[in-house]
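Work the whole structure out from these sequences, hints included.
Number of protein chains: 2
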Amino acid sequence: MGKTVGIFDSGLGGLTAAGEFEKLFPGKRYIYFGDTARVPYGTKSAETIRRYALQDSAFLCAHGASVVIAACGTVSANAIDALKASCPVPVIGVVEPAAEKAASVAASGRGRVVLLGTAATVKSGAYERAIAAIDPRIAVKSVACPMFVPLVENGYTSGYAAEFFANEYLGLLKSFGADAVILGCTHYPHLSGVIGSFFEGSVLVDSGREAAAAAARLISPEEAEDGEAEFYVSDSPESFKRLASVFLKRDAFEGVKCIDIEGY
Amino acid sequence: MGKTVGIFDSGLGGLTAAGEFEKLFPGKRYIYFGDTARVPYGTKSAETIRRYALQDSAFLCAHGASVVIAACGTVSANAIDALKASCPVPVIGVVEPAAEKAASVAASGRGRVVLLGTAATVKSGAYERAIAAIDPRIAVKSVACPMFVPLVENGYTSGYAAEFFANEYLGLLKSFGADAVILGCTHYPHLSGVIGSFFEGSVLVDSGREAAAAAARLISPEEAEDGEAEFYVSDSPESFKRLASVFLKRDAFEGVKCIDIEGY
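If you're matching them up, the sequences are chains A and B in order. The opening residue of the first sequence carries number 1 in this note's numbering; numbering runs sequentially from there. The opening residue of the second sequence carries number 1 in this note's numbering; numbering runs sequentially from there.
Careful, some of the hints might be misleading.
Any copy will do: because identical chains look the same in the list, a pair fits if it lies in one copy or spans two.
[Unchecked claim] Computed list of lysine-lysine pairs in DSS-like fashion (alpha-carbon distance at most 27 Å, straight line):
(1) LYS249 x LYS123
(2) LYS257 x LYS123
(3) LYS241 x LYS123
If you are wondering where the hints come from, they were derived from the structure by calculation, not from laboratory data.
Right, dumping it as structure tokens:
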């Protein structure tokens, strides 16, 4: 039996990573869990985020995951050590792969990186630490963008509202001269058009895509088990289906199952 | 020993009701629980909202509440029957008191009411049913305003962003000629300036205030126990303190306690 990748997120943002996984591992089985009953994590405390993340990964391990991707910037920034310590299988977060990519871009540029994330991600300082460990000369500016998740979830990915909040958060960063801009929350790639307009010439680093690529370095597509994606959520499957088609840009979400995550 | 009122909300919106309670019951003890580890409820399914609401009220009852106010539009619209069936003490939601107030205003006007609420509140149809039960001739237009909660929680209660989303949700209702506009989510009174500008001459019904007034009809201030407010949350007290000063417009939140709501 081949290996199965498990992917989880506080909600459905992690489906951007799942989409990247599908490109790298076509026809391969994976398990996705979205904690839709407790979403969002990005506004919550580090302790609560860790407690939830450990339950999420325990669910995936109990369902046969041989690698776990924490496809959530907030979890990766606040709970990766706890996850690695508690999981019996390898855990990949989004912070390390995205930090590596951004640092490598910055190393051949002006040495400047911008990190965009949730309040909890920015507060954690995880990206600054990860980038400093690679190259302490790189300057990192971090900005919490708390309105970006609700904007994406309500369909405001372009137009006036998206531009207004992008300007609120990014307006003063235009002159910073970032080589790389980390989209440190898996919702943010949906705003890449608007975000990119503030950072002409910068590389936008999609943290979910980098995490999927890191999984592909850990196990080869040949090792991965053949099969379909399986989707689990903690709230009703109905709300999942509405948003999932936005995130994964396809409709096949029959058989989405609701599970009791508090029991893990 | 006098009676103690318990107030709960998915998060901190219910503090608008707590503020009204403090005006009606000065110097009286009450217990507030905000489910900050699982907030928001308004984007979640009716089953999940019911499960959470029953735990929230069980906590308040276990801590001596003799009356429970569900100071959350989403809970009141989706779980009030379950709460009344399970609670050993009287339960007051925001829907019935706000519907009564709006119906009484509309009865002496053109018979038109607008309801603004979360997705889950609007989907429930609870306000339409409550108003139809009072006077079936009253026309009700309901609009979900999912960006209003993040706007309030991030401090955008006036200015361009608030006006943009108010226009998105309310622009077409300007000509409806509402007698009363129900602010069906306890966050929305913070946007009453912007909302009011779309409804000149309409009465804005603050659902949290109406619920507090309903509590005052159920128990008199003399019956209520003397003492201080006690605040409990399910996430870290730190996040509570940040938002609570916005909602209750005072700072005295020492001794806020974090509890494990999943155990109730």
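Exercise. Check LYS257 against LYS123 for me: Cα-Cα at most 27 Å, and say if that holds within a copy, between copies, both or neither.
Key: between (33 Å within a copy, 22 Å between copies)
Quiz item: Is the C-alpha distance from LYS249 to LYS123 at most 27 Å within one copy, between copies, in both cases, or in neither?
Solution: between (32 Å within a copy, 25 Å between copies)
Quiz item: Is it within, between, both or neither when you check LYS241 against LYS123 at 27 Å Cα-Cα?
Solution: Close across copies (17 Å), not inside one copy (31 Å); limit 27 Å.
Hint compliance for this structure: every hint is met.
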